[in-house]
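Chemist: Protein chains in written order, with UniProt numbering: chain L, 1 to 460; chain H, 1 to 460.
Among the hints, a few may not be true.
Pairs count within a copy or across copies, as identical chains cannot be separated in the list.
[As the list claims (entries may be wrong)] Below, computed lysine-lysine pairings styled on DSS-like, alpha-carbon distance capped at 30 Å:
1. 198 with 38
2. 194 with 104
3. 385 with 38
4. 158 with 38
5. 368 with 385
6. 38 with 381
7. 409 with 143
8. 2 with 243
9. 187 with 198
10. 143 with 38
11. 409 with 104
12. 38 with 184
13. 108 with 418
14. 184 with 2
15. 385 with 19
16. 38 with 108
17. 194 with 184
18. 38 with 17
These are computed hints drawn from the structure, not numbers from a lab. Since this is a predicted model, take the numbers as computed values, not measurements.
What follows is each chain in one-letter form.
2 protein chains.
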Amino acid sequence: MKVFSKETYINRRKELKRKMGSGLLLFLGNEESSMNFKDNWYPFRQDSTFLYFFGLDMPGLAAVIDVDQDLDMVFGDDLTTVEIIWQGSHTALSDLAETVGVNKTKSKAELPTFLDSISGQRIHFLPPYRPENFQKLEAYLGKSPQEINSAVSVQFIKAVVSLRSIKSEEEILEITNAVNMSVKMHKRLMREAKPGMKEYELLGLVNYEAISAGGTVSFPPIITINGQILHNHNYSNTLTNGKMLLGDFGAESAMHYAGDITRTIPVSAKFSDSQRDIYQIVFSAYQTAVALIKPGVRFKEVHLAACRKLAERLKDLGIMKGNLDDAVQQGAHALFFQCGLGHMMGLDVHDMEDLGEQYVGYTDELLKSSQFGLKSLRLGKELEKGFVVTIEPGLYFIPQLIDLWEGEKRNSDYIDYKALSNFRDFGGIRVEDGFEITSTGAKVLGDPLEIEIGEVEALR
Amino acid sequence: MKVFSKETYINRRKELKRKMGSGLLLFLGNEESSMNFKDNWYPFRQDSTFLYFFGLDMPGLAAVIDVDQDLDMVFGDDLTTVEIIWQGSHTALSDLAETVGVNKTKSKAELPTFLDSISGQRIHFLPPYRPENFQKLEAYLGKSPQEINSAVSVQFIKAVVSLRSIKSEEEILEITNAVNMSVKMHKRLMREAKPGMKEYELLGLVNYEAISAGGTVSFPPIITINGQILHNHNYSNTLTNGKMLLGDFGAESAMHYAGDITRTIPVSAKFSDSQRDIYQIVFSAYQTAVALIKPGVRFKEVHLAACRKLAERLKDLGIMKGNLDDAVQQGAHALFFQCGLGHMMGLDVHDMEDLGEQYVGYTDELLKSSQFGLKSLRLGKELEKGFVVTIEPGLYFIPQLIDLWEGEKRNSDYIDYKALSNFRDFGGIRVEDGFEITSTGAKVLGDPLEIEIGEVEALR
Numbered sequence: 001m002k003v004f005s006k007e008t009y010i011n012r013r014k015e016l017k018r019k020m021g022s023g024l025l026l027f028l029g030n031e032e033s034s035m036n037f038k039d040n041w042y043p044f045r046q047d048s049t050f051l052y053f054f055g056l057d058m059p060g061l062a063a064v065i066d067v068d069q070d071l072d073m074v075f076g077d078d079l080t081t082v083e084i085i086w087q088g089s090h091t092a093l094s095d096l097a098e099t100v101g102v103n104k105t106k107s108k109a110e111l112p113t114f115l116d117s118i119s120g121q122r123i124h125f126l127p128p129y130r131p132e133n134f135q136k137l138e139a140y141l142g143k144s145p146q147e148i149n150s151a152v153s154v155q156f157i158k159a160v161v162s163l164r165s166i167k168s169e170e171e172i173l174e175i176t177n178a179v180n181m182s183v184k185m186h187k188r189l190m191r192e193a194k195p196g197m198k199e200y201e202l203l204g205l206v207n208y209e210a211i212s213a214g215g216t217v218s219f220p221p222i223i224t225i226n227g228q229i230l231h232n233h234n235y236s237n238t239l240t241n242g243k244m245l246l247g248d249f250g251a252e253s254a255m256h257y258a259g260d261i262t263r264t265i266p267v268s269a270k271f272s273d274s275q276r277d278i279y280q281i282v283f284s285a286y287q288t289a290v291a292l293i294k295p296g297v298r299f300k301e302v303h304l305a306a307c308r309k310l311a312e313r314l315k316d317l318g319i320m321k322g323n324l325d326d327a328v329q330q331g332a333h334a335l336f337f338q339c340g341l342g343h344m345m346g347l348d349v350h351d352m353e354d355l356g357e358q359y360v361g362y363t364d365e366l367l368k369s370s371q372f373g374l375k376s377l378r379l380g381k382e383l384e385k386g387f388v389v390t391i392e393p394g395l396y397f398i399p400q401l402i403d404l405w406e407g408e409k410r411n412s413d414y415i416d417y418k419a420l421s422n423f424r425d426f427g428g429i430r431v432e433d434g435f436e437i438t439s440t441g442a443k444v445l446g447d448p449l450e451i452e453i454g455e456v457e458a459l460r
Numbered sequence: 001m002k003v004f005s006k007e008t009y010i011n012r013r014k015e016l017k018r019k020m021g022s023g024l025l026l027f028l029g030n031e032e033s034s035m036n037f038k039d040n041w042y043p044f045r046q047d048s049t050f051l052y053f054f055g056l057d058m059p060g061l062a063a064v065i066d067v068d069q070d071l072d073m074v075f076g077d078d079l080t081t082v083e084i085i086w087q088g089s090h091t092a093l094s095d096l097a098e099t100v101g102v103n104k105t106k107s108k109a110e111l112p113t114f115l116d117s118i119s120g121q122r123i124h125f126l127p128p129y130r131p132e133n134f135q136k137l138e139a140y141l142g143k144s145p146q147e148i149n150s151a152v153s154v155q156f157i158k159a160v161v162s163l164r165s166i167k168s169e170e171e172i173l174e175i176t177n178a179v180n181m182s183v184k185m186h187k188r189l190m191r192e193a194k195p196g197m198k199e200y201e202l203l204g205l206v207n208y209e210a211i212s213a214g215g216t217v218s219f220p221p222i223i224t225i226n227g228q229i230l231h232n233h234n235y236s237n238t239l240t241n242g243k244m245l246l247g248d249f250g251a252e253s254a255m256h257y258a259g260d261i262t263r264t265i266p267v268s269a270k271f272s273d274s275q276r277d278i279y280q281i282v283f284s285a286y287q288t289a290v291a292l293i294k295p296g297v298r299f300k301e302v303h304l305a306a307c308r309k310l311a312e313r314l315k316d317l318g319i320m321k322g323n324l325d326d327a328v329q330q331g332a333h334a335l336f337f338q339c340g341l342g343h344m345m346g347l348d349v350h351d352m353e354d355l356g357e358q359y360v361g362y363t364d365e366l367l368k369s370s371q372f373g374l375k376s377l378r379l380g381k382e383l384e385k386g387f388v389v390t391i392e393p394g395l396y397f398i399p400q401l402i403d404l405w406e407g408e409k410r411n412s413d414y415i416d417y418k419a420l421s422n423f424r425d426f427g428g429i430r431v432e433d434g435f436e437i438t439s440t441g442a443k444v445l446g447d448p449l450e451i452e453i454g455e456v457e458a459l460r
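When you get a sec, could you build the whole thing from the sequences and use the hints?
Modeler: This is the structure we're talking about:
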């Protein structure tokens with residue numbers, strides 16, 4: 001288990017206490033997750049907020065911060081003699097807690113009693129996303145599922161989001177580490193993808209690169225010749241000449257920070273003319289966005305500027321038409337770019353998604369739009385120094401969506417459905433990198449990875 | 001999604017109905033499992049019993065067999081228009097159900113109402129091992145967690161076990177496929193493991209071999225220089241000359257059948273003298289067991305014969321002493337062989353472990369022993385033609401256990417603790433293969449994989 005310095009965790013908790021003012025903060029660590037029988041487990045993944053404040057990377061833990069008493073406690077159990085025989089000896093929990101600056105540990109069994117004994121203090125907890133932690137909250141707090149959902153502490157969520165959003169230097173280094181691992185995964189795929197291969201062969205390769213570097217994948221990789229399918233975890237297709245291969249994946253470092261990169265490459269040695277055209281449009285939207293991101297700029301405006309760039313270039317190609325200010329305002333471009341330009345990245349690839357997009361990506365004054373396209377934008381609010389965000393524009397030709405809109409003549413002032421018919425089976429292209437927001441602008445994270453057409457073709 | 005023929009599933013369900021006689025059988029498929037936020041999922045794994053009887057390999061399904069009405073139904077939902085835009089078009093559930101011989105499908109939302117409407121028929125269900133399926137049973141059946149636990153249907157468990165225990169020819173082929181993938185994983189590791197490497201580099205390699213062949217790992221691999229730690233999912237050690245490397249892992253095929261093989265190799269080019277001695281003892285126990293397995297033989301007796309062989313050879317080495325019949329009866333050998341000789345293998349690596357070891361590995365007449373060592377033997381009952389089992393003897397020198405027993409002078413009539421002190425830090429050795437029980441004996445599954453000392457050294 002690799003942790004930052006003791007002071008890092010002490011300071012994070014101190015800052016959290018300052019923001020909360022009072023109350024009892026309950027942190028539930030994650031448990032092992034069963035695959036096909038109880039003891040056949042998926043690789044363990046600790047909860048990210050637990051990692052952020054307590055650093056301890058093992059199942060079966062909980063923690064409490066009593067803000068009023070300025071007291072931090074970890075609840076968990078040491079191995080029994082029998083367990084040591086099967087699992088080997090482990091460092092005692094109290095010694096592990098010491099490494100993250102926590103001096104008080106108790107047995108897990110004491111947690112319900114401890115929580116029961118609390119009176120006159122609000123018990124703050126975060127929204128559970130695993131069923132077993134939902135069950136624990138019901139049992140510990142004596143609440144129904146409905147009551148758990150409505151008793152989640154918005155104040156606690158906002159305090160955690162405000163801290164985790166601003167990455168420290170040591171976090172930036174760790175994210176860079178994850179991004180560099182991700183770059184290696186992509187270079188390997190870009191070099192080795194060949195016609196005749198199955199997508200799952202490349203899935204094996206990128207898993208190899210992540211795991212053999214001491215990490216894992218930060219989310220289920222997307223490796224597909226059907227880039228237009230946005231949520232795609234099928235790997236059964238064969239790579240064929242003329243197709244493109246979209247790879248959206250990244251590594252999770254040993255300390256559980258995420259990388260997330262997308263490249264789209266031709267299966268053949270070169271892009272075709274139309275692939276080149278669409279790729280250049282996507283890349284110009286990427287460049288537009290990268291040039292704009294800096295503290296004080298709303299990410300929603302960056303998203304819309306990228307959309308505007310996509311629309312302009314699609315108009316040059318004859319697929320869009322009319323007044324482009326109106327087109328973007330009406331969301332006409334979302335026929336081709338249905339999702340958001342990017343998201344925060346940190347201990348989670350979609351950082352803090354469990355805490356709720358409204359709290360992570362928006363503010364009390366800036367609510368998420370319900371317009372198709374914009375409603376999938378995870379991050380809308382003003383960027384701040386220390387944010388880490390992805391920029392990932394794309395163009396996706398989804399036959400079902402094209403048919404749906406054309407049938408309704410939706411946005412037909414802005415879309416030339418006849419010209420579009422040539423691209424109906426084009427597929428999809430996305431490019432994505434991670435960026436650190438600096439005091440004056442932004443810096444791409446990690447080692448360089450080929451992105452321009454010439455660079456990509458040189459690797460093939 | 002690859003399935004067997006329609007008739008295979010129809011016949012399995014027909015046979016199950018015959019064994020049950022009457023009642024309503026409820027099958028819960030698995031859901032997606034969240035890692036660090038709700039929509040960041042581990043790779044989906046369908047429930048094995050669901051796969052066995054219904055073959056459908058996707059989340060969000062349930063099924064019902066009404067034995068009295070001879071009616072098979074699958075509950076699930078087709079993608080909505082919005083979902084098709086994000087996930088691409090999928091085959092309709094009714095068409096998928098057709099491929100496994102089920103003509104009746106209903107929406108998932110209809111399941112609670114359907115179950116509510118059942119009267120006069122017992123609703124049989126299997127023990128849930130995932131929290132969300134436990135919650136579903138509580139909700140569907142209006143029962144408390146305690147009531148769910150006590151209402152699990154033993155008749156249903158026994159009927160499923162009796163069917164799944166006997167592997168058909170097509171299942172043997174599919175298991176062989178998984179074993180062959182596992183053999184490739186092992187050969188790769190045996191060839192590439194070198195001093196200075198980290199265990200996780202080899203973890204990456206074996207994952208690559210499994211995934212790039214269209215499968216995955218059948219359980220979290222054990223790849224360790226500390227073979228004496230039996231439950232070990234740490235991969236952070238460096239391979240050093242003089243150590244051994246124990247690799248216990250296997251592939252899961254695209255149809256979710258498991259392979260499971262163990263080899264122990266020297267990190268150096270050759271085994272040391274003492275490693276050779278202990279390896280030979282373990283291998284002789286393996287040979288003893290392999291020679292004995294056939295229909296009608298209790299696996300418990302095979303286990304004890306292997307233990308006896310280990311004890312004999314440990315006596316030759318001076319570590320054990322005294323009357324070996326008594327020693328084995330007292331469980332003295334379990335200081336070195338703390339676990340069981342093997343287990344069933346099929347759709348699960350420990351086949352049907354979710355259904356309960358007593359029902360899978362024992363009978364009403366043969367209960368599991370509570371003696372240390374024997375209590376970890378998952379399979380004790382008579383072997384039958386069509387069983388697939390592993391044979392995996394080992395010798396593990398666990399310092400904490402040696403200290404515990406020596407402190408208590410436990411079994412000191414049979415163990416020479418002084419001679420043993422030379423082996424205190426020896427580590428652990430295990431070898432394992434999978435076998436099909438044939439009408440006259442047994443057949444090792446899959447392509448040959450080096451196991452004898454000379455063969456192993458030739459690969460290094």
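Chemist: Checking against the hints above, which ones are violated?
Modeler: 2, 7, 11 and 13
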